[in-house]
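Next come the chains, spelled out residue by residue.
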Amino acid sequence: MGTQSNTIIKASLLAFTLALFAACSSTEDAEPPAEVVDSTPAPADTSGADDDPGPTVEELERERQLAQRVFYFDFDVAEFKAEDRETLTTHAQNLAANANLRIRLEGHADERGTREYNLALGERRANGILNYLIVNGASRGQIEVVSYGEEQPEQAGQSEAAYAMNRRVEIVDQ
Amino acid sequence: MNPKRLLLAVLLLAVHASAAAELSIQITQGVDDPIPIAVVPFATDGAVFGAEDVAEIVSSDLEQVGEFLALGRENLLSMPSEEREVFFRDWQLLAQDYLLVGKVSGVQGSQVVRVQYEFFDVNRELRLVGEVLAGNVSQMRDIGHEIANVVYEQVTGTRGAFTSQILYVVAEPTADGTRFRLEKADYDGQRPQVLLRSREPIMSPNWSPDGSEVAYVSFETDRPRIYIQDIASGQRRQITNYPGINSSPVFSPDGDRLAMVLSRDGSPDIYVQDLRSNELMRVTDHPAIDTEPSWTPDGRSIVFMSDRTGQPQIYQIEPGASSFDVERLTYDCFQCAKARFLPDGVNLIHVRRETRQSPSYQIAIINIETLRVITLTDTSLDESPSLAPNGSMIMYATKYQGRGVLDAVSIDGLVKFRLPSAEGDVREPAWSPFLD
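Protein chains in written order, with the working numbering: chain A, 9 to 182; chain B, 98 to 533.
A couple of the hints might just be wrong.
Derived Cβ-Cβ restraints for the label pairs, each shown as a range [claimed, not checked]: (1) 330/B with 164/A: 30 to 38 Å; (2) 71/A with 330/B: 47 to 55 Å; (3) 361/B with 61/A: 43 to 51 Å; (4) 477/B with 181/A: 36 to 44 Å.
Facing chain A, a subset of chain B residues (Cβ under 7 Å, in silico) [what the hints assert, rightly or not]: (5) 298; (6) 320; (7) 345; (8) 386; (9) 389; (10) 409; (11) 434; (12) 435; (13) 456; (14) 480.
Don't read these hints as lab results, they were simulated from the structure. Using N, Cα and C, we set each Cβ at its ideal position, and we do this for glycine too.
Looking at chain B on its own, in the form it has when it is part of the complex (with noise of 0.2 Å):
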């Protein structure tokens, strides 16, 4: 290689190092006694050309959710792939609780890579887990995220999320007015994919329960409608078209109905349409705003925003039941809004403004039986909590330095991390199911 050409490599370098940086998770807010793991850098045979680092994919998977702290690689002592290399005494003088090790082949003039990974206690001296994942060399991140899985599972008991994905919105001001996009990412924001692109406002983006479908609300025909479309395929349908604000799509955990709001008969009320025979059920009758409706995890009850006494409270309904049997459930706030049931149907992710004074929401739980709340964000712009399919965190919309973004909280409270953010506002984040 001649000079030239060499300094140019080394400037491209820069700039994909400057490129990654800036994409980076970035962890505001960790635990403070992490659980120490050591995860070599996998070995790689002649055959692998161009894959992505696992072993860096896996340990930014757990420290991204706080709970661990990997171990810097300049701090390895030795650099084993597979069980016959490791000596525990190693790692333990190096305080780690557990190790991870690996290899990455590839198979000569194929674009198929086989990983194997073997996962260690330390201080039990034990081989916990070990397997073969295969695939094509484009996907090593999925791989990567498949460890970061196992790892999660065999240390917390709680199944990892690594391998769902995020909905989101992204409103891109340019010369010839805002553009809209409903974009798709994996969980930390990588691999983005535009859905759909409008010059009109898109919004409410909602996960079919297996995945595969998106409901959400677009303005392109000048007036908000509600349409479903399919991830893989691209095709999509109009749902709804009657007068007025039709929003807010849920589907039911069923994934048989779709709950929404529709304002035809005057006020923005909840009502359920059944996805097979298109029959649309009215579920809430009041002249004030009823809207932001979300099922109980049984699917029978959906919770939903009224401002009926004046403010945002969050009140509770059973599809059927006479619109006067609804049941309040919050009290203790000048505004709670955007509510859902954790899967134990007794706590309530929800946004919360406290007092009127002060116009500053926050993301809360609040206990319905006891009424214990914990507020888990301090910044005071934040909305649209959306729950990971292991129920361990809660991605939310917040503002940083005047844009919109994405950030994400424990439900614990104790760890933060913001998603890397393209150009533009990133918007009403719609954390996916289990995809596997």
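Excised from the complex, chain A in its bound form (with noise of 0.2 Å):
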């Protein structure tokens, strides 16, 4: 009984958070969001519906994990941030359970430094995911690590907020 309130509120939580996230990013003039409160039970309604029970919390956040693809770095580091950890589990987990997954890690720098070292440190930044994933379960040949250095950037620009878009590993499929 506990869990399943638990997981009521965690799903109006979600939901909030959704409706919140949907308001913040329109560019009109949002309306109030306590408005949007109101409409919170509709998805998380699962009661009794055995025949749809529909996506629980847990596999709508391990979709939200698994469409993360893009992992930015600070500057100078080649460890990706603690706050992606879960995601790459999942990651890692996914590619566990689906031994024909394959996917490259394309590793990137920002243009600060020389072109030579930065493919240097991309190749480091993406080797940091590929070892936190096999850890997790993943197998090694299935994966593949291919460093763009500083080539390819997300953002052109010679800002800060350019050169962290710049500064990632992403997750491709092969």
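Mind assembling these two chains? They're in different frames, but the hints should get you there.
Shown next as structure tokens:
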């Protein structure tokens, strides 16, 4: 019983967050968020629907994590951010569960520093994620690492914001 | 000619003039006391059509390297084209140290031109050199650069590099993604030619010592792999296909071996491949990043960058030596990278980031015996330094108004010029060896 109400609360929270996110990302003047809260029950109402239970919170969260394909890095840092650990664990489990799945980890750097060093840094970043995926169940043969260094920036320009977008590792299906 | 056609001709001229202005080299910094030289427009006989202005090519060559100041044409008192028309007093009055005159003559009904030139020391009232060069009318730039070489060597005692060429990479954004080109041009950016086009990145062009081939990295297979291409024929061959990074190909001074970086054994290390036997030798073995190899002038050792102490520093090793037998060359910078020796084997060109607090990268030279450092540039994203074959200037890549451009600086830091930039980001210049 406790777990179920817990689930409902979580689901409501998730729906609220999603609604809030939608409101925030809208460029028009948003309605007060309080109004939106009223519409929470819809997706989470799973009571008694045995024939079509719909996705659980865990499933939705897993989908969200697997949809995250780009992981950003701090300046001069080769380790992925702590906040990405859970998401990468899910990717590792997904690879472990689907032995036919093949991915590339494409490593990138911002333009500061020499090109060849950045090529190596991109590989180091991707290797950090590679090792984490392997430790968490993926097999080495499923994953290829390719570094592009600073050659394929996600965003042009010399701003800190652009640089932050360019220090990244992307998961690409093969 | 009717007025309409005349107008069109004028318009075309105007368009041509502005295009040419865009392409002209910008001298951004020169020496305080340049040598005054008068380069008189060469006389032409009626048989020459469409030939470029040789005197203009020579004087812009000489001004570009900063040590010379050419006399403005509006200040010429006379227009001699050969020795018997030269009155030294005229040129002494104009405070000129040197004088170049010449004439261009065509061979009726052919594309052949003969260019005669004579070069004088005004103060000693002496003819230093004179010669007749022949070529096709389309080779006027080559002839002009050739004459500039002679003048430069007569005055400075150093061989001129005006007939040398450069390789570089252009990345051009299009609606359909970035397009990459490997290009070759005259040292001043003129007469660019495309050697390779790709949708995937191209990196690290490097000349073979005889100037006939280029080694580079191409991502055309979705992975960085090393290729060698014959420049004249365009024929090329893939040199490496190892897992991981295959990068930084650099020909040995004798052209028999190729230093490179491979990460097939876990982390990027320096390797040398014998280009005849294809035998591969591992040179460094360290879990940190080792990259950016260059050969010492004697071809016995390799200089490289490693971040084994946490940040990039420069090291040197002899191929075949124990991987522990590494000599560290730099200590006084937060990051020192992309190094290569000047021909003296003592002064090391490198990319330098002085402190952790300021992520700004400049071209510098360190004397590894005295540890004296000269920083040559003052912009903040300078990289890929490449030395002219006569050792007088360094070309490098930097950013200007958000775009990648090529700049050059003399090795004493006094003279700077910027190359005309085409569309897109221009980067990774590689200055050729002497090609004649």
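Status of the hints after comparison with the structure:
1. Between residue 330/B and residue 164/A the CB atoms are about 36 Å apart, so this pair conforms to the stated range of 30 to 38 Å.
2. For the hinted restraint 47 to 55 Å between residue 71/A and residue 330/B, the CB-CB distance of approximately 54 Å keeps it satisfied.
3. Taken as a hint, the range 43 to 51 Å holds for the pair residue 361/B and residue 61/A, whose Cβ atoms sit roughly 49 Å apart.
4. A beta carbon spacing of about 38 Å between residue 477/B and residue 181/A agrees with the range 36 to 44 Å that was offered as a hint.
5. A hinted interface residue such as residue 298/B counts as satisfied when its beta carbon comes closer than 7 Å to some beta carbon of chain A; here the least separation is about 4 Å, so the hint holds.
6. Below 7 Å, beta-carbon pairs count as interface contacts, and residue 320/B has one with chain A at about 6 Å; its hint therefore holds.
7. Residue-level restraint check for residue 345/B holds (minimum Cβ-Cβ distance to chain A is 5 Å; threshold 7 Å).
8. Given the 7 Å rule on beta carbons, the hint for residue 386/B holds: about 4 Å separates it from the nearest Cβ of chain A.
9. With a cut of 7 Å, the hint placing residue 389/B at the interface with chain A holds, because the nearest CB-to-CB distance is about 5 Å.
10. Given hint, residue 409/B at the interface with chain A, holds; its Cβ is 6 Å from that chain's nearest Cβ, closer than 7 Å.
11. Interface restraint check: residue 434/B against chain A, minimum CB-CB distance 4 Å, threshold 7 Å, status holds.
12. Contact between residue 435/B and chain A, as hinted, is supported at the beta carbon level, the nearest pair being about 5 Å apart and thus within 7 Å.
13. With a cut of 7 Å, the hint placing residue 456/B at the interface with chain A holds, because the nearest CB-to-CB distance is about 5 Å.
14. Taken as an interface hint, residue 480/B checks out: its beta carbon lies about 5 Å from the nearest beta carbon of chain A, inside 7 Å.
Violated hints are absent here; each numbered hint is respected by the structure.
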